[in-house]
Amino acid sequence: MRSPSYSVLPARGLRAAVVLALAAGLGTAVPATAHADTAPAPAVPATAHADTAPAPAARPFMGWSSWSMQSSKYPGLNPDGDYSYLTEANVLKQADALAKKLKPYGYEYVNIDSGWWRDRSWKPGFDANGRQRPDPVRFPHGMKAVADHIHGLGLKAGIYLPVGLEKEAYGDGKVPVRDADGCTTADIVHGDLRTTNGWDSAYKLDFSRPCTQKYVDSQARLLASWGYDFLKLDGVGPGSFKSGDNYDNVADVAAWQKAIAATGRPIHLELSWSLDIGHAADWKKYSHGWRVDTDVECYCNTLVSWENSVDDRFADTPGWTRHAGPGGWNDLDSLDVGNGAMDGLTKAERQTYATLWAIAKSPLYTGDDLTRLDDYGVKLLTNREVIAVDQSASPPARPVTPSDPQQVWAAKNPDGTYTVALFNLADAPAAVTADFSALGFTGKAAVRDLWNHENLGSHRNTITEALPAHGSRLFTVTPHGSALTTTGYEAEAGTNTLGGNASVADCSACSGGKKVGNLYLGGTLRFDHVVVDRPGTYLIEVAYVSGDARPVNVSAGAGAVTRHTFPSTGDWGTVEKVAVPVTLKAGSNTLTFDSGPDYAPDIDRVDVPSSPRQ
Amino acid sequence: MEHPPSRRGFLALAAATGALTALPAFTATAAPRRPTALPAADARHQLWWRAPADEHSLIQQGLPVGNGRLGALATNDPGRELLLVTDATMWTGGLNDTLDSDGQFPYGRDDFGSLTLLARLTVDLPDHDLAAVTGYRRTLDLAQGVVTTSYVHSGTTYRRQLLASHPDDVIVLRFSQSGGGRYSGTITLDGTHGESGTADSFAGGFPNGLRYGAAVAAYGSGGSIRTTGSHLAFSGCRELTVVLSGGTDYAPDPAAHYRDPALDPRALARTKVRAAARHSADTLLRTHVADHRALFDRFGLTLGTSSAGQRSLDTWERLRARARDGEPDPELEAAYVQFGRYLMIAGSRDSLPIGLQGPWLDGNDPDWMGDYHTDINIQMNYWMADRTGLSPCFDALTDYCLAQLPSWTELTRTRFNDPRNRYRNSSGRIAGWTVAISTNPYGGGGWWWHPAGNAWLCNSLFEHYEYTASRTHLEKIYPLLKGACEFWETRLVTHTPPGGGREVLIADSDWSPEHGPLDARGITYAQELVWALFGNYRTAAAELGRDADYARAVGALRDRLHLPAVSPETGWLEEWMSPDNLGETTHRHLSPLVGLFPGDRIRPDGSTPAGIVAGATALLTARGMNSFGWANAWRALCWARLKNPDKAYQLVVNNLRPSTGGGNGSAPNLFDIYEVAQGRGIFQIDANFGTPAAVTEMLLYSRPGHLELLPALPDAWAAAGSLTGAGARGGFLVDLDWRDGRPTEVRIRSVGGTMTSVGHAGTSRTVRVRPGETVTLRDFAR
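Going down the list, the protein sequences come from chains L and F.
Take 1 as the starting number for the first sequence in the numbering used here and just add one per residue.
Take 1 as the starting number for the second sequence in the numbering used here and just add one per residue.
I should point out that these hints are in silico values taken from the structure, not numbers from a laboratory.
Using N, Cα and C, we set each Cβ at its ideal position, and we do this for glycine too.
Be careful, since some hints might not be right.
If you want the ones that stay clear, here's a sample from chain L, every Cβ over 12 Å from chain F, calculated [unchecked claim]: (1) W226; (2) T263; (3) Q351; (4) G488.
Interface residues of chain L toward chain F, partial, derived using beta-carbon atoms under 10 Å [as the list claims (entries may be wrong)]: (5) A99; (6) Y376; (7) A426; (8) G443; (9) S472.
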């Protein structure tokens, strides 16, 4: 029933189709028909069932992972030393709780993280074929028994491995590879025993040697034989804070995909951590998800903390956004929002955390103690409207404003509505406004508050709400207005004035095929004739290219200079847009983008709405 | 303004009565007026915000309320209303009369003392988490004196009003709703100094013997309110009113060591909240609004019309837009003036005057003790009062000085000539009184001696007389003026200019405030202040018919005072009786210009030698335009005196710049922030008063016998505007309308003055008016 190639081609074909659909959706203006001013709550998709055989990772996976509790110094969690939380008893306890409390909402994976083959002093155990062997103290009944229990609950079982041949498995090179005539561990690594992975804890596998794939095959067969449905492959590079040839594990990942396919069991392959975005195509080709950032855990007295490192995701996610889709997702790491005291976060921070994960369409796996969820945590983890944002066919959201402390993210959904999130990343409460013109329309829209399950009625041109420190709102906005009319100005136009190092460069993704780049160390781009009829504050849309998040000073005429950081577009060939407020006078204005003493994004064009804000 | 210092008398009365039937009033006034209607609100006087305050950033974001004695900063957070409350008398420290080894004063929180917090009130409404409400807005209505918070939660509109009532002497938090909502939660009253108490009150004391206490009561409709442990818990209430009171046993009486031993603050606070709770929230509100408006409505200001776009912005966005776009926002600029007046009404009535922060603290240890700084700050605080129709609020300063005088006199007599004090009188003689740079409410000084501080305080007190023509006030302050003159009689030394010339009197060795050498004789600051003091004293003695011989003697001394010259080196008016620049060119203080403002010895009207005016102008120019809060305000006032509207306006605008990250400017709540170190901003209230003073000084200059209309009207306000109820020296209240930069009508009402010239644009006419009557003038030349 499951062909070996099942997990490869169909998934990629599906992804291409969806991308086309999304592109079509974006090209569509506001829906022509105006309906009632309330948006219906979207239904939550049905939980995937094994017998329907869906495409792998058609949606971001949902579940639980052991690592947050293992890695925490929260009192009582790891009484027998670091990472000692990981035991059969604890995993089954969490699996039972997941089945009872969260399964009805779509959570299905119970993922065992690092250490299942390591004893309490973190010493690893291996079988006679150099494969990880369950630690008999942690898992006295072995890994299959655990998977069986999980399956018995109607859930799926996940497991973990580091990439490469762990040094302790090498055994002087004499350890035979399972079912691989004559191959030993010496035949699968490089002669110089070069090391790999994020911790340099393994010898790099040499896939030019015929025995090597067989080792990975043997590992995959073992996991499949135990019945696992999910593998987190960790320490993968380029990424995991490593770069260079020794840490290029693309071949490992490809081998794992092949090995998994060969088992006939559809094992989800998730990659960790801080994967190199330059290899996004590889990760998409060979896996179902990739961690875009470092661990969310703080390795402190709580599971996580806002600064370490939930808030990093706001800057680190946008570059990845366009890479997420059916078959492979941007993994923001564990969603630890279920118990305020253990999480180490305020209520506002927990909601914001869940909001970003949902709109980014990250896998939703909590690392909380599911036996101790508090009421607010249950509300966050079981909000069907928010889960639907993550699980629906809508695209992931990305920022439509610069990365200011108050920022707005949005995605246009296939049904013409928008998913809009407001964020206040400041340390104090603040009002945050979503301008509908930043979404591409003007006039009225119906707004539904997804967290509070409340229709907020009709709003005209904007919606503003007060957000707590580190707070958020999540809306579905159903437009009933008209498409925004704008006047475009190309950066490369000859009527503009370039200063400093600034120069025109080719850019195939840019409108007109060109952009203005080299905006660094005093480089300036000045649009000399931005004409509007009426004075006021205009939300201009800036199309730009920036392989990393970069600041730029924006000013109109002799007005004050405002510094904005534009989110990363992921590489230097992708154009994204943000809306920036500038105050223009009636008639002709200059509009200047100045790098100041820094390195600014490349500018493709600006689009100026025909009327000012409000 | 003629209220006797009343707090102590009242507190004694209150403590003696105790029983609820004989309700103590907090002031000696009659029972409060309790109107049955509420006056309409006016959007021009409303500041508003779209987000609540962070409880850790209350100084920048909390909205202030005060009843002239009690002050509070509030978060207005739907889920957790937090109030940090203090009382103007909540001071540690004491007389502090053991000098340090350098003959100066200790300046710590135990010896000199510090203003500190009284209480922390929280009302938790767990269901009303900010993340679960929509349409949030909070409004500070400057005219009504009420902070209103509103939001929608599950379809119900909830409204919360916060006020600090002077007549009922309580802070009131009223929770209401429309749409069938209910309130459930807890009320917690805590001290901030480790006190233990009950759910409804606590008491505490400091090592200096000060006792204090606070109490809370809650009442409502529907639901239940009960005591649970250390909280008051309420459940299912359709409406809820929380009242808080508190205070100390401070008494402004040196003979009683500044205490009223008969007063039990906790018991009195409980009496007050119970008394207030017998009135409906509506009654408390209307009573408060009537009381507040009686002061607020005495003065009006219109500087022009703002655009619809500007009006649509919340106050913080509006400040940011003002700075970003550079477009004048005349309604915002007028509202900034009214905000200063709001703070004055809220902070300066019947108790101690407003110090560096007024009664608005966000912690127990305010910077510089939240004290009284006598080398600019307390004077600046009160420049605005008479100018903007708040003469009654000035009395707190007068009463304070009077209550300190015996102690200041004794300290001066016994400590000033300490041989270790570098500022001691080289004559060896001592008389009268002076102060330190910092003063506390216990007769004590802090930091360094400030010999000329007495003259500056006296000159401020005398200006209040010039505005109000109140003989009662003059009689009260006369001993202060005379004592200050006596001090200077012993302190002036003779000086013969090198190369001969007339022998003059100069101030002994001193420090031009916070600037330059510590041992300069004849500093301009002292020469100017003493020159004005002596003149004021002579006027006072003549007016009161007292001490004619001594007044003549003081007049003779005045005639011999050295007056500052212009340096041939710098072209500036000299600061240190030296041609050299001995300090920082752009120093914050304008001490050598004290004769330009607030004094008016230096006038650009031809009566002052042109060279002196030019020297003052050059010095002011050199000091620069880019300072912070009070320094900008003082500069603006000086430029207004020099009739330079552009510079004066720019400096006002500089103080309206939004303060972010601790930078100089206005915080979201409009408190002025001084960036004392990179990224560290401190609230100093003086600019919130000095800047409004500058705005009025740009529109109306006055000295006894002369009014000048629109002396420094900037283009931004020129189109049309009006001023009503502005005080003018000489004993007048002035209404002024203008259009196209020119007065169209001025109404001059006498509060005691009888004759003045009225000038505009080089023309002048003389007006005679009887006390209580008004003269209207029109037809001003362009």
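Check your understanding: Should the interface hint for S472 of chain L be scored as holding, given a Cβ-Cβ cut-off of 10 Å against chain F?
Key -> holds, 7 Å
> Is the interface hint for A426 of chain L satisfied, with its Cβ closer than 10 Å to some Cβ of chain F?
Replying inline: The hint holds - A426 of chain L has a Cβ within 10 Å of chain F, the shortest such distance being about 9 Å.
**Message:** Please check whether the beta-carbon of W226 of chain L is more than 12 Å away from every beta-carbon in chain F.
**Reply:** Fine: 43 Å to the nearest Cβ keeps W226 of chain L off the interface.
Against chain F, does Q351 of chain L keep a CB gap of more than 12 Å to every residue? violated, 6 Å
Proposed interface contact between G443 of chain L and chain F, which counts if any beta carbon pair is under 10 Å
violated, 17 Å
Quick one: work out the minimum CB distance from G488 of chain L to chain F and report holds if it exceeds 12 Å, violated otherwise.
-> holds, 24 Å
Using 10 Å as the Cβ threshold, decide whether Y376 of chain L counts as touching chain F.
-> holds, 9 Å
* To do: Classify the label on T263 of chain L as holds or violated, using whether its beta-carbon is more than 12 Å from each beta-carbon of chain F.
  => holds, 46 Å
Next on the checklist: Restraint: A99 of chain L near chain F, CB-CB cut 10 Å. Satisfied or not?
Outcome noted: violated, 29 Å
Taken one by one, the earlier hints fail for this structure at numbers 3, 5, 8, listed in ascending order.
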